[in-house]
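Student: The chain contents come next:
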Amino acid sequence: SQQGEEDPQALSIQEGENATMNCSYKTSINNLQWYRQNSGRGLVHLILIRSNEREKHSGRLRVTLDTSKKSSSLLITASRAADTASYFCATNNAGNMLTFGGGTRLMVKP
Amino acid sequence: EPEVTQTPSHQVTQMGQEVILRCVPISNHLYFYWYRQILGQKVEFLVSFYNNEISEKSEIFDDQFSVERPDGSNFTLKIRSTKLEDSAMYFCASSERGRAGANVLTFGAGSRLTVL
Chain A
748 SQQGEEDPQA LSIQEGENAT MNCSYKTSIN NLQWYRQNSG RGLVHLILIR SNEREKHSGR
808 LRVTLDTSKK SSSLLITASR AADTASYFCA TNNAGNMLTF GGGTRLMVKP
Chain B
74 EPEVTQTPSH QVTQMGQEVI LRCVPISNHL YFYWYRQILG QKVEFLVSFY NNEISEKSEI
134 FDDQFSVERP DGSNFTLKIR STKLEDSAMY FCASSERGRA GANVLTFGAG SRLTVL
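So the protein sequences, as listed, match chains A and B. Heads up, the first sequence stops at 857 in my numbering, and the numbers go up one at a time, no gaps. Heads up, the second sequence stops at 189 in my numbering, and the numbers go up one at a time, no gaps.
In short, the hints are calculated from the structure, not lab data. Keep in mind that this is a model prediction, so the values were computed, not measured. Warning: the hint list may mix true and false statements.
Stated by the list, open to error - Some chain A residues near chain B, calculated using beta-carbon distances under 7 Å:
1) G789
2) L790
3) L795
4) S815
5) G849
6) R852
In this text, a Cβ means the ideal position worked out from N, Cα and C, and glycines have one as well.
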């Protein structure tokens, strides 16, 4: 598989529940970022975690990074219908480019 | 809030035709990027641009593609002779810093290219 693979590919939950998405990657990284994409729109940056960090919070978002396992998770707490979107992890390992995973499609049912 | 703007939002072209997609990055950003997303697939890196030259490019970015910053505001992607497989959403992005400063990208809304 390629750098930055998310699982699950699709996730359906009820409003108020927590959503957890995972990302695995293959090579060493400088930082890992999570982006959100609403259908047919551009990607919006959510949160960045550097390779020397283990956990980061931003509002209802919590990101963890385990460099020994080359994996990250994104937790959205108390989900809302407006959180319905695709979520992508992206890794920066060399240069300026970000390598995106295939994304997790999250549906939050009201 | 500053945003990256892209034009056109949708372009339909015949195979073999040239296409130019335009982007206006955020004014104080120094790094510019093009990505593409074929329907239902991953977001793929095409090229990054800094200090008026290409800094990185992917295997996708072959001789059919070129980028240019013709003036102080626009950043363009040209596809010289479009193929059916070039049909995709093309995203422009910009960032204030490069890798050393943690490159958070701001994306435009995308230009959908349909090649017939």
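Student: With a cut-off of 7 Å, does the beta carbon of R852 (chain A) approach a beta carbon of chain B closely enough for the hint to hold?
Tutor: violated, 10 Å
Student: Hey, does the L790 (chain A) contact hint survive, CB to chain B under 7 Å?
Tutor: holds, 5 Å
Student: Per the CB criterion, is S815 (chain A) less than 7 Å away from chain B?
Tutor: violated, 22 Å
Student: Holds or violated: is there a CB of chain B closer than 7 Å to the CB of G849 (chain A)?
Tutor: Holds, because the Cβ-Cβ distance from G849 (chain A) to chain B comes to roughly 5 Å (cut-off 7 Å).
Student: Should the hint that L795 (chain A) touches chain B count as held when the rule is a Cβ pair under 7 Å?
Tutor: L795 (chain A) check passes; min Cβ-Cβ to chain B is 6 Å, inside 7 Å.
Student: Next item in the hint list is G789 (chain A). Is there a CB on chain B closer than 7 Å to its CB?
Tutor: holds, 4 Å
This entry does not satisfy hints 4 and 6, going by the numbered hints stated previously.
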